[in-house]
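Colleague: Turn these sequences into a full structure, and let the hints steer you where they fit.
So the protein sequences, as listed, match chains A and B. Take any residue in the first sequence, count from 1 to its spot, add 1474: that is its number in the numbering used here. Take any residue in the second sequence, count from 1 to its spot, add 202: that is its number in the numbering used here.
Check before you lean on any hint, since a few could be wrong.
[What the hints assert, rightly or not] A short list of chain B residues far from chain A (calculated; beta carbon distances all over 10 Å):
hint, residue
1, Gly227
2, Tyr344
3, Gly385
4, Arg618
5, Glu623
[As the list claims (entries may be wrong)] Restricting the straight-line Cα-Cα distance to at most 30 Å, the calculated cross-link-like pairs of lysine-lysine (BS3-like) are:
hint, chain 1, residue 1, chain 2, residue 2
6, B, Lys572, B, Lys583
7, A, Lys1502, B, Lys272
8, A, Lys1500, B, Lys583
Keep in mind the hints are simulated off the structure, nothing from the lab. Quick reminder that beta carbons are idealized off the backbone N, C-alpha and C, glycines included.
Residues per chain are reported as follows:
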Amino acid sequence: MKKEIKFNEETLALVHKMMARYPEGKHKSAIIPILHIAQAEFGGWLSPETMDYVASILKIQSIEVYEVASFYSMFNLKPVGKCLLEVCRTSSCWVKGAEDVVKHLEKKLGIKEGETTKDGMFTIKTVECLGSCGTAPLLQCGASYHENLTFEKVDALVEEYRTAGRRRSYTDLDYKNTL
Amino acid sequence: MGKKLLIHNVNIPGIATLEVYRQNGGYASVEKALKTMTSAEVVEEVKKSGLRGRGGAGFPTGMKWSFLAKPEGVERYLVCNADESEPGTFKDRYLMEKIPHSLIEGMITSSYALGAKTSYIYIRGEYFYVARILEKALDEAYAAGLLGKNILGTSFSHDCYVHVGAGAYICGEETALLESLEGKRGNPRIKPPFPAIAGLYGCPTVVNNVETIAAVCPIINMGGEEYAKIGIGKSTGTKLISASGHINKPGTYEIELGLPVEEFIYSQEYCGGIINGNKLKAVVAGGSSVPVLPAHLILKTEKGEPRLMSYESLSDGGFISGSMLGSGGFIVYDETTSIVKNLYTFARFYHHESCGQCSPCREGTGWMEKILHRILEGHGKPSDIDLLWDIQRKIEGNTICPLGDAAAWPVASAIRHFRAEFEEYINHPEKIKDVKHYYSVNQLEGA
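Modeller: Here's what the structure looks like:
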């Protein structure tokens, strides 16, 4: 059963609140924040239908949404697993063993980088610098940063996510409690 | 112990909350500026302070502010660049996460100086959780009358919003950031016009880095002249340095500009030396874009003087024997590091992050990545080194924005200072068959 592409009232109110942050007539500025919400709400990726819906809310052409969505690396234009494991691969993480983390994940999950497990639970992706070079290596999943990774930490994380079983998105509130 | 102005309170429990932040002198600069100074006086203090942009370019902030056009009846904007994506740099994240109110205080004081009724904090999408911390802090500031209408009972009103990006290094370039903030692809604009004349929505706009804006608070509190006494020469004040790589104590450190590089790397107060007591091989001193320097040139200049953590000293010798302070992303590599493989991660990064507008960058970054990849796979040709050199020369200076230069400089410097290592990879591919991050060619020779 396909979920209808439509925000509920609460989310729609949030979307309109975001649009109000920008001057009269400049509400297109809210496109990225709204796409983040849409991606979280509608299955973790931006289908053409989802993007058309966002265009209708912003009262702009669909192509204006496609061209933005395709530019930014955090927007998935294809379905991904419930937990998108994004491993940083740039210099500081690389010298601290990021490649080993990826290999370990590949072995553990039985998939290659860029692939999704058969149960739709995990996708492995390598990404560019996440701004956590002092706590390398790290991976991001949803809003959470998992830093100073070891194989043991990766194993525990995978088990925790598998048990919880739910989708993780950037808009989650369950970020690491640093306050 | 060097002077600390930005993160001296970082270990106070609850400093992320408005209550504790104010108990420790927070928002004093807003009180002082709004109640006792004109906006021109605030700009003047920042000019006197000698503060230079902390995002990487090091342009004098007071001068940037004074360029702002002020036509009647046209909105002006302050935009904070929190799109921290330069590899090796994580200082803004640290500051916003730990002391979010220091940025908001700076936003209010700076907006008052510029006459901006609205400001935006453009934060990279990956820092979503930091955006939430900032939003929480903004809510507190609104509730306390520090934002909104008639701040602290004065006639100044201001609104500040957080805007999250979605993963694009190029949006750290100020005109690309403005495009993105307007809801478009992050393609840099051709300058002129500069944002000070036509920025966000075509209105005069100042774009400043997080740390730059936060530094405005101590400047107003202590006065520009006092601030200028800290540091060395034209490198005034303090700077946040993100230290990473093969050091014992990676992290964000606030240093007084002028600190010797050697002290920064080896003292227990900062990096605490190289891991496992290994030898230092190279340092990228200011984020991935600046030239990499071998150990002897990072510790001492070509002339044999101690290299200091300052804009001038780090660039002493130009690109022949010097580098740049840049964003303060200080990556340390020990003797086990493969410079070629490290360069490959940078080349891949710039290829991935090129927006694709300008051909030299769009194509050239991809070629450099591919050539480095084939060298690492053992298929390098002797002509590849010159080919890499040729490509980077043709990118540098030939693109709309500095991403092209940023992609070229690491390649040029790696070849300039570590040419023998490239030759080793090309002439002895059998040695790099299993190259990993912790094996250098030299080590493999003995293996």
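Colleague: So, for every hint listed, does it hold in this structure?
Modeller: Outcome of the hint check:
| no. | hint | in the structure |
| --- | --- | --- |
| 1 | Gly227 | holds (20 Å) |
| 2 | Tyr344 | holds (13 Å) |
| 3 | Gly385 | violated (4 Å) |
| 4 | Arg618 | holds (18 Å) |
| 5 | Glu623 | holds (15 Å) |
| 6 | Lys572(B) <-> Lys583(B) | holds (13 Å) |
| 7 | Lys1502(A) <-> Lys272(B) | holds (25 Å) |
| 8 | Lys1500(A) <-> Lys583(B) | violated (53 Å) |
Consistency with the previously given hints fails for numbers 3 and 8, ordered from lowest to highest.
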